[in-house]
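Please put together the full structure from these sequences, using the hints given.
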Amino acid sequence: MDTLNRIKELERLIIQAKKSYYSFTDDTDEQQLTDAEFDLLEEELRQLDPNNVVLRQVGYEDTLNSITNKIKVTHTIPMLSMDKVKKKEDLLSWFNNKIDSGLITDYQLVVEPKVDGVSGDLLYSNTKFQYAATRGNGRIGLKIDTNLIKNTIKSTIPIKGSEIHIRGEFYIPKSYNLKKERDDYEPLRNLCAGALKRKEPIEINKYIEFIPYNIIGTDITFDKEIEKLELLRKTKYPDIQYFITKDITHVWEYFEEYEKSLRNKWSFESDGLVVVFNSINTQKIIVQEFGDTDHHHKYAIAIKPKSVGAWSTIRDVEFNVSRNGRIVPVAIMYPVQIGSVMVSRATLNNMSFVKENNIQLYDKVFCNRTNDVIPDIVKVIHTTKSKEVTIEKCPSCGTKLVEKGVDYICPNHLNCPAQIVNKFLHWFTSNDIKHIGPSSIDKLIHGGNFSSLWQLYAMNQNDLMCVIEKYCNISKDTDTMKEFIRLFEKSKDQTEQDIIGKYGIPTIGIKMLKKMNIYTLNDLIKYKDLSYMSSDVAVEKNICIWLNQDPRNFDDLFSLIKYIDPKKKVDKNIKKKLFCITGALDNLSRNDAIKEIENKYPNYEYSNTVTKDVSILYIGNDATNTSKYKTAVKYNIPIIEYKSI
DNA sequence: TCCGCTTGCCGAGGAGCACT
DNA sequence: AGTGCTCCTCGGCAAGCGGA
0 MDTLNRIKEL
10 ERLIIQAKKS
20 YYSFTDDTDE
30 QQLTDAEFDL
40 LEEELRQLDP
50 NNVVLRQVGY
60 EDTLNSITNK
70 IKVTHTIPML
80 SMDKVKKKED
90 LLSWFNNKID
100 SGLITDYQLV
110 VEPKVDGVSG
120 DLLYSNTKFQ
130 YAATRGNGRI
140 GLKIDTNLIK
150 NTIKSTIPIK
160 GSEIHIRGEF
170 YIPKSYNLKK
180 ERDDYEPLRN
190 LCAGALKRKE
200 PIEINKYIEF
210 IPYNIIGTDI
220 TFDKEIEKLE
230 LLRKTKYPDI
240 QYFITKDITH
250 VWEYFEEYEK
260 SLRNKWSFES
270 DGLVVVFNSI
280 NTQKIIVQEF
290 GDTDHHHKYA
300 IAIKPKSVGA
310 WSTIRDVEFN
320 VSRNGRIVPV
330 AIMYPVQIGS
340 VMVSRATLNN
350 MSFVKENNIQ
360 LYDKVFCNRT
370 NDVIPDIVKV
380 IHTTKSKEVT
390 IEKCPSCGTK
400 LVEKGVDYIC
410 PNHLNCPAQI
420 VNKFLHWFTS
430 NDIKHIGPSS
440 IDKLIHGGNF
450 SSLWQLYAMN
460 QNDLMCVIEK
470 YCNISKDTDT
480 MKEFIRLFEK
490 SKDQTEQDII
500 GKYGIPTIGI
510 KMLKKMNIYT
520 LNDLIKYKDL
530 SYMSSDVAVE
540 KNICIWLNQD
550 PRNFDDLFSL
560 IKYIDPKKKV
570 DKNIKKKLFC
580 ITGALDNLSR
590 NDAIKEIENK
600 YPNYEYSNTV
610 TKDVSILYIG
620 NDATNTSKYK
630 TAVKYNIPII
640 EYKSI
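Per numbering that gives the first Met the number 0, the first sequence runs over residues 0 to 644.
Derived from the structure by calculation, the hints contain no laboratory data.
Some hints could be false.
Said to hold, decoys possible - Once the Cα atoms are required to be at most 20 Å apart in a straight line, the calculated EDC-like pairs of lysine to aspartate or glutamate come out as:
1) K433 <-> E488
2) K305 <-> E256
3) K283 <-> E199
4) K85 <-> E199
5) K71 <-> D478
6) K149 <-> E199
7) K510 <-> E539
8) K525 <-> D478
Said to hold, decoys possible - Using C-beta positions, here's what the derived DEER-type ranges look like:
9) T608 <-> N459: 20 to 28 Å
10) D549 <-> P394: 55 to 63 Å
11) K629 <-> K561: 31 to 39 Å
12) K475 <-> Y634: 52 to 60 Å
Please read these numbers as outputs of a predicted model, since none were measured by experiment.
Here a beta-carbon is modelled for each residue, glycine too, at the ideal position from N, C-alpha and C.
Set out below in structure tokens:
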């Protein structure tokens, strides 16, 4: 068998093994591979084809979505988005801010179009095409079926290197629309995104083009940004026209030229210009000196044109209830065409926003789409019919609303159906559990009388499937059900910290927990102490409020963790935390108590004595006179009654 | 500036359902 | 068994607000 066939064979075996590992059929005919056998297959494939897509998939479980047949791909270098400016002075301050640091000697800037399409990453290995992937969330994208865009993809490029990533934009040229009447113009970006998701190509797929703007690869380095663009010309993909200057004011003049005429001349739709320092060394200096944010580099910026808008009238105001009870007003407008889409809704953020901007029902409003995406009301004119927007009761449960900061809040946090639905939804989305959306959750909660997430985790798999089948209209034998169950099971495999972070305590996400060194419920409960109500640290106060608001808050999270039982999954990076015990415990020996705690909290370790390093002191009866207790008080170490765990 | 939280429109396709 | 309609969900493009 030749190498190529063996590679195909290995791909097939590995994918199949991953699939059967995660399917829940009783298909005993199929022989299951042992882990070792599986590893051997992977190793062999790695030898033959180090960059094979099958090896790059995110863990076994994310390999293949059985419904869409999409494979996840990790971007080892994230595909970041870009910071934006709209005004000349903002562009100047971005530039001057860098120059004023005194570290930059090369002022050259490269200006290029920001093509409005779907971002993509093409991987080439030793000149041969391997795969194309979407940007996804910047870190994990989806593989694109390149059968859909056979004409678009060049199978080889004359650039050597074992791993060459070509980054650019998939787009449909404007000429596609120009053949039509203006009223029939189609939204090209959406159309392109849709076409890339198809199972079978259609006519429109032939129009899709790819224009590269960045190249990242092993064994290649550049001194200048434009060297990348010049090298990319060799790929025979369409090339980006760029403008180069040392003078930032010329950049703005070029932008004005862009708005006036260039934009119309180009064959693709664009949503602004990209400005980047030409010298790669300068880029590096900026990264070192100014860092990166989560989303973008600071050595590049996008200049965005004013967004287009249109007039409409608010015909209604809808009130959404968020998972934390915040009331969010949304303007419902008579549908109006903006660009190539119809807009009928725009958020009004909160009731203070409505009042401060004097927005009323039946007002005439000018609606933008910020950066041509999100509808946004920017001008308001009252009419004779205009009427003040008011709300007193929760639209979901009827509870009287209370004012809190800029928001109106429904205080019925535990029983308000809308809040429960959104809590479920937040958990499902943050855990990447798919196929159960708002509507299904609504039916689950109303029909099935569910009110807490732990109730789902307390069920066995078959009962869960029955419930989902009954209330969410998904039959047991469908791919959707299998995929849902797979993802649901996967959600059990995470640390206690992950669970707390995703659970949705107001203002507390995973990053915040890490910052605060909260790993477990044990770390969390210490904030129940009412002294944190006056804490200067807002998040401490928030946790304190949440814990004391209603004891059922904690009980609910506690039950969820109990049923998920995350003790198997311990983050190895966590330094063990020390705990100590003092005082007599009812019906329990000291040793049993230690075992119990260590079992429950695998990152906790018993310490004989109370030192500064001890994180928690558990106390039993009559413990307040012990020296351990006094030392703990002295060092400000949290003291918790053993009973409370 | 970071983090959490909230918002909209579009096309593709899975799945249920009523009807032939 | 096949067809068309409808509901639902996903993933593509994202930004703005508020608090610290």
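Against the structure, the hints:
no.	hint	verdict
1	K433 <-> E488	holds (12 Å)
2	K305 <-> E256	holds (14 Å)
3	K283 <-> E199	violated (43 Å)
4	K85 <-> E199	violated (40 Å)
5	K71 <-> D478	holds (18 Å)
6	K149 <-> E199	holds (12 Å)
7	K510 <-> E539	holds (14 Å)
8	K525 <-> D478	violated (44 Å)
9	T608 <-> N459: 20 to 28 Å	violated (45 Å)
10	D549 <-> P394: 55 to 63 Å	violated (22 Å)
11	K629 <-> K561: 31 to 39 Å	holds (34 Å)
12	K475 <-> Y634: 52 to 60 Å	holds (56 Å)
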